[in-house]
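Construct the complete structure from the given sequences, taking the supplied hints into account.
Everything in the sequence shown is counted per the UniProt record's numbering, starting at 1 for the first residue and increasing by one.
Derived from the structure by calculation, the hints contain no laboratory data. Each hint can be trusted.
Computed spacing ranges between beta-carbons, pair by pair: (1) HIS11 to ASP47: 50 to 60 Å; (2) LEU50 to ARG16: 45 to 55 Å; (3) ILE22 to LEU55: 47 to 57 Å; (4) LEU14 to GLN48: 49 to 59 Å; (5) LEU10 to GLN49: 50 to 60 Å; (6) ALA53 to SER33: 22 to 32 Å; (7) GLN49 to VAL27: 31 to 41 Å; (8) HIS9 to ALA45: 49 to 59 Å; (9) ILE35 to GLY57: 31 to 41 Å.
No residue lacks a Cβ here, since even glycine has one placed at the ideal position from N, Cα and C.
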Amino acid sequence: MTKPTRGNHLHLSLKRWTLMIIIIRWVYRKLKSVITFLQSFLLQAVDQQLLEAFLSGKLMRFSD
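Set out below in structure tokens:
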């Protein structure tokens, strides 16, 4: 059996690091898209609630 050279080991670790970086970047991108989606969703929900509260307040004033 031949002893694995240091260069080969370094190459393997480089491949592993590259893979890890790619995975981390992919996860980060996915998280970012999920977070932006949630932010827009929450903003829409808040806007909807504010609009409903505003309209119900106006309707209440009109019914007096």
